[in-house]
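S.K.: Hey, can you work out the whole structure from these sequences and the hints?
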Amino acid sequence: MLLVLLAIGLIYGAYDRPELFAQYIIIGVANGALIALIALGYTLVYGIVELINFAHGEVFMMGAYFALTVVATTGVTTEKGWLILAAAAILALLGSMVFSSAINWGIDRVAYRRLRHAPRLAPLICAIGFSFILQQMAVYWKGGNPLSPPALIPSEYRAYNILQEWFGLETRIRIRPLDLAVVLITIPLLILLQWFIQRTRTGKAMRATAQDRDAAALMGIDVNRAISIAFIVGGALAGAAGMIAVYYINSARPGMGFRYGLYAFTAAVVGGIGNLNGAVIGGFIIGIAWSLSDGFLKTYPGGHFSWWGAQWTPALIFGLLVVTMVFRPSGILGETTAEKV
Amino acid sequence: MARESIAGLIAQLHQSKITRREFTQRAAVAGLSAGLVGNVLAVHAAKAQDLPEAATIGIPGTPHTTDTSKGTIKLYSSWPFTGAMERIGGHAIEATYMCLEDFGNAAGGFAIEYEPLDEGIAANEGRWDPGKATENANRAINDESCMAYLGTYNSGSAAISVPLTNVAGLAQISFANTYPGLTTSFEGATEEGEPDLYYPTGTRNYMRVCPADHVQGDAGARWAIHENGRSKAYILHDNSLYGKGVANVFALIFAQEGGEVLGNDGYDPRASDYQSLMTSIADAGPDIIYVGATVDNNAAKLLQDMRGVMSADDVTFLGPDGLNTDTFVQGAADAAEGAWITFGGFSADALVELGGPGADYVARIRERLDLGETGQPDSYAVYAYESMVVVLQAIERAGAADRTAILDQMFGTEGFVTLAGTTWSFNDEGDIDNPVIGLIRVVDGVLTFQGTAN
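Protein chains in written order, with the working numbering: chain F, 1 to 341; chain V, 1 to 454.
Check the hints yourself; a few may be wrong.
Quick list of simulated restraints, FRET-style, between CB atoms [unchecked claim]: (1) V:312 / F:200: 28 to 36 Å; (2) F:315 / V:444: 37 to 45 Å; (3) V:197 / F:315: 26 to 34 Å; (4) F:83 / V:446: 33 to 41 Å; (5) F:86 / V:334: 43 to 51 Å; (6) V:311 / F:110: 46 to 54 Å.
Below are the SDA-like pairs computed for lysine to any residue, each with C-alpha atoms no more than 20 Å apart in a straight line [stated by the list, open to error]: (7) V:74 / V:97; (8) V:232 / V:270; (9) F:80 / F:91; (10) V:74 / V:143; (11) F:142 / V:115; (12) V:132 / V:121; (13) F:80 / F:178; (14) F:142 / V:270; (15) F:204 / F:214; (16) V:70 / V:134; (17) F:80 / F:98; (18) V:70 / V:402; (19) F:142 / V:402; (20) V:232 / V:262; (21) V:132 / F:132; (22) V:232 / F:299; (23) F:142 / V:371; (24) V:232 / V:257; (25) V:132 / F:136; (26) F:142 / F:95; (27) F:142 / V:330; (28) F:142 / V:130; (29) V:232 / V:105; (30) F:142 / V:82; (31) V:74 / V:397; (32) F:204 / F:225; (33) V:232 / V:121; (34) V:232 / V:258; (35) V:232 / F:307; (36) F:142 / V:258; (37) F:142 / V:90; (38) V:74 / V:145; (39) F:80 / F:157; (40) V:74 / V:134.
In short, the hints are calculated from the structure, not lab data.
Beta carbons are placed, not taken as given, at the ideal position from N, Cα and C, and that holds for glycine.
M.R.: Below you can see the structure in the form of structure tokens.
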């Protein structure tokens with residue numbers, strides 16, 4: 001009943017203040033794309049070894065710090081030409097992907113591989129341990145305070161509204177180049193991942209390992225290699241998300257992976273953990289719920305939630321997780337796709 | 001140059017014709033052994049002129065002896081100083097050490113040992129942790145040689161440690177707690193039962209050398225309306241005891257003074273993005289946003305996202321002392337430009353301009369922290385220095401390793417002259433009776449003192 005009332009309120013809000021509502025959706029989609037990229041790493045690893053890699057959020061955070069470092073090392077500033085700026089951005093993106101992949105692969109090699117046949121709790125605790133270790137490493141590496149990334153985007157483009165500047169629309173809806181970039185980088189990566197999993201030999205080996213590890217081994221598949229590749233690919237996606245996040249949110253701090261990681265885990269579960277499409281859908285759901293809760297819910301429906309504040313957003317999102325677990329334990333796409341990963 | 005006679009030097013020292021420092025230097029030239037120099041100094045009470053200029057603050061006329069024949073007194077401090085709190089906490093510790101060294105690591109006939117305890121934990125990015133707050137307080141309480149407990153930084157942490165030190169009869173003095181409810185009751189800003197619930201014995205043992213938030217919030221709200229010309233405020237807080245408290249006082253006074261409060265909400269300090277929150281606030285049409293928060297609660301990111309939808313020309317950003325640190329300015333980068341902050345006291349630059357002990361303090365703390373000639377030590381480090389002076393002078397007056405006697409002397413501090421040259425006394429509740437609220441603004445990326453707000 002509450003959900004119905006909430007839905008009616010939101011529909012009315014969208015009708016009453018369409019531009020404001022659209023703005024929240026745009027912010028939610030951009031954040032959702034980031035969450036989806038991280039969630040894919042969770043779901044990829046879970047799909048193949050049934051492990052919730054709680055260190056994944058911190059792998060994302062380390063990617064963000066590495067991207068900062070790469071850009072700072074190149075010494076590129078906004079006075080340089082677009083080509084040089086783009087080259088530095090691509091270098092940082094690829095660098096953070098490789099760096100996060102290496103960390104994720106290293107964690108698997110050092111700890112998880114040794115615990116393949118241990119009780120499930122062992123690698124889970126191990127993952128939490130690595131999460132704290134990586135946070136501390138980040139504190140020692142860059143300090144505990146928030147860092148702003150070196151300028152890679154000319155300041156006039158930070159508040160640039162594509163709808164007004166490119167299309168001449170008189171609207172309060174704001175789409176910045178950064179909002180667009182987040183989605184435009186994320187979507188090709190998702191398509192590439194789908195292609196990799198569905199079409200390549202390695203992807204098929206990973207899917208076989210996910211279905212039945214022993215049978216895959218009997219068929220000559222190197223199971224450990226397939227699992228390692230899952231960690232490498234998941235890490236690369238986390239690294240890409242780190243690079244995008246550091247410029248999208250314009251800061252990095254050691255704790256950034258904790259909240260993004262939890263939201264991404266929630267997205268993976270809501271979408272159906274182990275299912276790639278589910279992770280993406282879950283990411284967008286969480287991103288939009290986050291955005292609406294932070295801004296829209298207080299005013300609509302009908303001002304009945306005027307006591308609502310942004311501090312309740314985590315409760316709402318984890319409430320979504322609980323509701324999903326209770327009413328659809330396998331998640332939104334958990335049962336509709338026959339094959340995992 | 002002919003050697004001076006040892007007896008002549010000692011006579012000059014006793015007649016206060018030379019300082020202890022001059023005596024030490026000239027005695028060495030005259031060939032007096034280090035041991036004998038120590039013996040002479042040990043029986044000679046230090047005079048004000050022996051101390052570095054910064055250490056001449058406090059209650060005028062309080063003697064200081066460096067004799068340590070009575071034994072050792074231990075002092076502990078507890079606040080976070082790693083991770084996100086490395087700068088704030090680290091500077092406060094350095095100021096505390098500097099004060100102790102200025103006083104020759106001794107007071108009242110005792111050698112003074114000081115040990116800083118970290119209240120932060122790695123899992124919390126270095127922020128304070130309730131478990132650590134309890135652990136640190138218990139460590140001080142259970143050390144019989146501990147006569148005073150310095151701290152905390154966070155008011156929420158003091159709410160945990162004060163009842164513990166209260167039962168143990170241990171004096172606690174904070175350089176940074178500003179939540180009103182720790183010492184007093186203020187309608188609209190404190191909770192029912194405060195502050196009595198923090199003092200189970202019914203006797204006060206806690207004091208602070210910085211102004212409380214009911215003074216700061218009040219000054220900030222009046223300044224916003226009458227000086228800054230603002231009339232519609234949106235208020236955010238980090239849900240901490242401190243942040244919520246100062247935000248509530250600001251809201252109360254802002255409304256009382258004729259302003260309109262459009263909202264007073266908490267925000268999630270661990271979130272990485274506040275664009276939606278700021279979009280909804282911009283839609284409400286405020287001309288000032290007040291953020292009750294400490295820097296470690298993501299306030300810099302909040303300001304960045306605020307400036308994404310509200311320009312500095314249209315909407316003022318005002319924050320309390322918890323944001324008065326370079327960490328906040330660096331975190332917010334360009335978005336910090338033009339932001340206003342209230343702070344209970346004076347900035348380092350203002351102290352230099354005032355000259356005297358404040359300028360001496362700034363010059364020497366800059367050197368110790370390797371900040372160069374213009375670097376900004378954290379503003380709260382001034383209070384860390386002053387709170388140590390309160391403790392050392394109380395030990396001096398008590399002259400005994402007795403928790404009750406030292407607590408009485410600390411609480412009885414009257415006419416304390418600060419590094420800025422202002423004077424205060426502790427009132428019955430442990431607050432200073434003459435608080436000064438300074439106004440700071442970010443100009444060209446630097447926290448710049450603008451004057452006082454009250």
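S.K.: Against this structure, judge whether each hint is valid.
M.R.: Hint-by-hint comparison with the structure:
no.	hint	result
1	V:312 / F:200: 28 to 36 Å	52 Å, violated
2	F:315 / V:444: 37 to 45 Å	41 Å, holds
3	V:197 / F:315: 26 to 34 Å	27 Å, holds
4	F:83 / V:446: 33 to 41 Å	35 Å, holds
5	F:86 / V:334: 43 to 51 Å	22 Å, violated
6	V:311 / F:110: 46 to 54 Å	50 Å, holds
7	V:74 / V:97	13 Å, holds
8	V:232 / V:270	27 Å, violated
9	F:80 / F:91	15 Å, holds
10	V:74 / V:143	8 Å, holds
11	F:142 / V:115	27 Å, violated
12	V:132 / V:121	8 Å, holds
13	F:80 / F:178	19 Å, holds
14	F:142 / V:270	19 Å, holds
15	F:204 / F:214	15 Å, holds
16	V:70 / V:134	30 Å, violated
17	F:80 / F:98	26 Å, violated
18	V:70 / V:402	12 Å, holds
19	F:142 / V:402	45 Å, violated
20	V:232 / V:262	7 Å, holds
21	V:132 / F:132	17 Å, holds
22	V:232 / F:299	18 Å, holds
23	F:142 / V:371	19 Å, holds
24	V:232 / V:257	12 Å, holds
25	V:132 / F:136	18 Å, holds
26	F:142 / F:95	17 Å, holds
27	F:142 / V:330	14 Å, holds
28	F:142 / V:130	26 Å, violated
29	V:232 / V:105	52 Å, violated
30	F:142 / V:82	12 Å, holds
31	V:74 / V:397	17 Å, holds
32	F:204 / F:225	13 Å, holds
33	V:232 / V:121	39 Å, violated
34	V:232 / V:258	10 Å, holds
35	V:232 / F:307	19 Å, holds
36	F:142 / V:258	46 Å, violated
37	F:142 / V:90	17 Å, holds
38	V:74 / V:145	5 Å, holds
39	F:80 / F:157	15 Å, holds
40	V:74 / V:134	18 Å, holds
Comparing the model with each earlier hint shows violations of hints 1, 5, 8, 11, 16, 17, 19, 28, 29, 33, 36; every other hint is respected.
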